[in-house]
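Using the sequences and the accompanying hints, generate a full structural model.
Protein chains: 2
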Amino acid sequence: MTLKGKVVIAQGGGPTAVINQSLVGVALESRKFSQVDRVYGAVKGVRGIIEEDFLDLSQETTHNLESVARTPASALLSTRDKPDEKYCEEIFHVLKAHDVRYFFYIGGNDSASTVHIVNENAKKSDYEFRAIHIPKTIDNDLLVNDHTPGYGSAAKFVSQAFTGVDLDNRALPGVYIGVVMGRDAGFLTAASSIAQKYYDDGPHLIYLPERPFSKEKFLREVKEVYDKWGRCVVAVSEGIKNEAGEPVAKELIQRAEYDAHGNILLSSSGALGENLVNYVKENLNIKRVRSDTFGYLQRSFMGCVSEVDQHEAREVGEKAAQFALWHNQDGSVTIHRTGDYSVDYQLTALEKVAKHTKSMPDHFINKGGNHITEAFRKYLRPLVGEERFFAHHLRAPQVEKILKNR
Amino acid sequence: MTLKGKVVIAQGGGPTAVINQSLVGVALESRKFSQVDRVYGAVKGVRGIIEEDFLDLSQETTHNLESVARTPASALLSTRDKPDEKYCEEIFHVLKAHDVRYFFYIGGNDSASTVHIVNENAKKSDYEFRAIHIPKTIDNDLLVNDHTPGYGSAAKFVSQAFTGVDLDNRALPGVYIGVVMGRDAGFLTAASSIAQKYYDDGPHLIYLPERPFSKEKFLREVKEVYDKWGRCVVAVSEGIKNEAGEPVAKELIQRAEYDAHGNILLSSSGALGENLVNYVKENLNIKRVRSDTFGYLQRSFMGCVSEVDQHEAREVGEKAAQFALWHNQDGSVTIHRTGDYSVDYQLTALEKVAKHTKSMPDHFINKGGNHITEAFRKYLRPLVGEERFFAHHLRAPQVEKILKNR
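Chains C and U supply the protein sequences, listed in that same order. 1 is the number of the first residue of the first sequence in the UniProt record's numbering; add one for each residue after it. 1 is the number of the first residue of the second sequence in the UniProt record's numbering; add one for each residue after it.
Bear in mind the hints are in silico, worked out from the structure with no lab data behind them. Do not rely on the hints blindly, as some may be mistaken.
Since the list can't tell identical chains apart, any single copy or any two copies may satisfy a pair.
Stated by the list, open to error - In the SDA-like style, the derived pairs of lysine to any residue whose C-alpha atoms are separated by at most 25 Å in a straight line are: (1) 4 with 404; (2) 4 with 401; (3) 250 with 278; (4) 86 with 125; (5) 287 with 221; (6) 250 with 281; (7) 358 with 122; (8) 123 with 51; (9) 124 with 84; (10) 82 with 404; (11) 86 with 405; (12) 250 with 282; (13) 281 with 214; (14) 287 with 81; (15) 217 with 385; (16) 287 with 362; (17) 404 with 53; (18) 215 with 379; (19) 123 with 205.
As structure tokens, then:
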């Protein structure tokens, strides 16, 4: 029995460099199925559904869809709305009115949650309906998945940024602290290490939310590196927490802002980096201490994309359409590593992806809790793709001094 | 009469993405001349000279030199030292002891100044000596030059960053303020506009050090854009000045740090951006207001290079060697535009480049003092190279509402 009706695709949460690949993957694949009337895109995620704000993607050209696929950030626009039961009922109400039988939502674990509730509503009403969650997040924190689309490209950005600032710091030595996104999972901050090649390459220290952050330990370790190399590059996750589990940034940010989930907004303040800079300046006799907070650049920078990430983002979209339209199934599309390097896609129960998030496993973090392991590098390398950039140093011999030796 | 002796090359000031192209340009070209004994690289700019810290680049392989050329930041390391007369005497003293007859210094106008003083010392001592300044700065503020090596690549980074954050801001609307490097010249901030394509693309407002910054005017203009497009992306130069000519950031940065030139350090603080964010939040009823300070990423990011910039940086190095070794001349290599797009290189008297810096000319800034002109876009476009990235929006038709129309 083939379920005839419309398709709705929506994008939620923070944009990534490849989220439009998933959108276009679903759109083009769905259009191949005769039971699909129309393919709609909801403008501004679930908000667009309750406002009946749809674009008819069936009337979009393939050329423009392909151009959009290569453009970062959500082409259908996004929302930070976190739907409750009532909101989900409204979603369902609108979808039903438009004879929508297939719903695809591209987002993180909150989006999986929304898809789950909407799907439960449909079941209760005996409305034949397929709902699929498509993974996306630069944080790489979705359960079940080996990794998530969006992460590889953001990791590439962070890696290229650290390769550059490390060279900068080598040329004009001092302490440099780069603050990277990641509230609870350190995957993105850990990516700072991927292009390390020479023994003295930074980041020399990496602090992740998975390990309690102690300012005293930090100071001691910065001093140790500085004494050894005459400089120190540090990667710090915005979400580092103190021994009590409280975000270190929390007490530093004035006029703190909270999102719909009650989480403090970390990314738009340089407070954490600047505080650590002042702490180093006050306690170590080092003149040049600098910090950058990478902010929004790391999730939307134009022209820094992992081709592997791009292809996988496309494929999770295509697979989502196939799971729903060929196999008449609901769930979350998940990525599984099947080789070095190969992946396969499965459909997982929504509730398994929706509820919690994932942190860096222990074997990816070094014993000192201030760097990553080779196992992490092996895990990450294929995800940033073939195009990789390495620094090259001069290795010409030193000239003998004349005046000093007289 | 051919002047026999050694060559010394040094790199000064802030690193750029292509400064090593100039280094390798001089090194490889000098090695072709039989009157050149050895090609030395001074480690840490002029500081390396007075410390007799030289690498013998004659004993470097071509392959590694070419690899270094493609690596951003100063491979010979750098310095912020600003030599006075006595320092320059020491430089000259060391160069003489090593029988150095050709000195090439890659840097901004302060480096040109140093080259000039060292050269005057040589003249006074009747020491046959050729000294050439090779232009480099992401600020694009050197006199006589149409533009400077390093600018095109940094401009490309700023343009790609703004294309990305603009898409991000479109997806999750609000006010976004990106703070870009540039103490006195707005060239780099102005580059934020180069990839604008759709009428509503940001940055909608651009504030440059060349025009006095008024917070009231800023607020009025942000409101106007926000009322029109429902969002507003702003590019702000870190060096914007108030009506009195004082940097706006000056009063905001706690524990201000000053460089050797007595200039306040602007790049390592998010204070300006965060202050403007709070000002908008307090005065306009807009919830989502964010800022990023691009910091060091914009001058050293690995993997974002303009190929035109790269070639020109190489050519100014080669030409420098030719001016000194073929033509026995001193001076600063300058870039002149000779077509759309073509350039030629000349040798200009050092004092003409050394003393002052250049600002954006009036015809590059719009009447309102809050954006750039088409003339600037025409000027900049060839400098960022052929590889350019543009956003693509969906243009599928809107679907008719069912529930709302009932």
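Hint check results:
1. 4 with 404: between (87 Å within a copy, 24 Å between copies)
2. 4 with 401: between (83 Å within a copy, 20 Å between copies)
3. 250 with 278: both (17 Å within a copy, 18 Å between copies)
4. 86 with 125: Answer is within: at 15 Å inside a copy they meet the 25 Å cutoff, but 88 Å across does not.
5. 287 with 221: Only inside one copy: residue 287 and residue 221 sit 17 Å apart there, 40 Å across copies, limit 25 Å.
6. 250 with 281: Both: 21 Å inside a chain and 20 Å across chains, each within 25 Å.
7. 358 with 122: neither (29 Å within a copy, 66 Å between copies)
8. 123 with 51: within (23 Å within a copy, 79 Å between copies)
9. 124 with 84: within (17 Å within a copy, 82 Å between copies)
10. 82 with 404: between (69 Å within a copy, 23 Å between copies)
11. 86 with 405: between (83 Å within a copy, 22 Å between copies)
12. 250 with 282: Classified as both: same-chain Cα gap 21 Å, cross-chain 21 Å, threshold 25 Å.
13. 281 with 214: within (17 Å within a copy, 33 Å between copies)
14. 287 with 81: between (45 Å within a copy, 14 Å between copies)
15. 217 with 385: Answer is neither; intra-copy 35 Å and inter-copy 46 Å both fail.
16. 287 with 362: neither (35 Å within a copy, 39 Å between copies)
17. 404 with 53: The answer is between: 10 Å across copies meets 25 Å, while 77 Å in one copy does not.
18. 215 with 379: The answer is neither: 29 Å in one copy and 49 Å across copies each exceed 25 Å.
19. 123 with 205: neither (51 Å within a copy, 50 Å between copies)
Checked against the numbered hints given earlier, this structure breaks hints 7, 15, 16, 18, 19; the rest are met.
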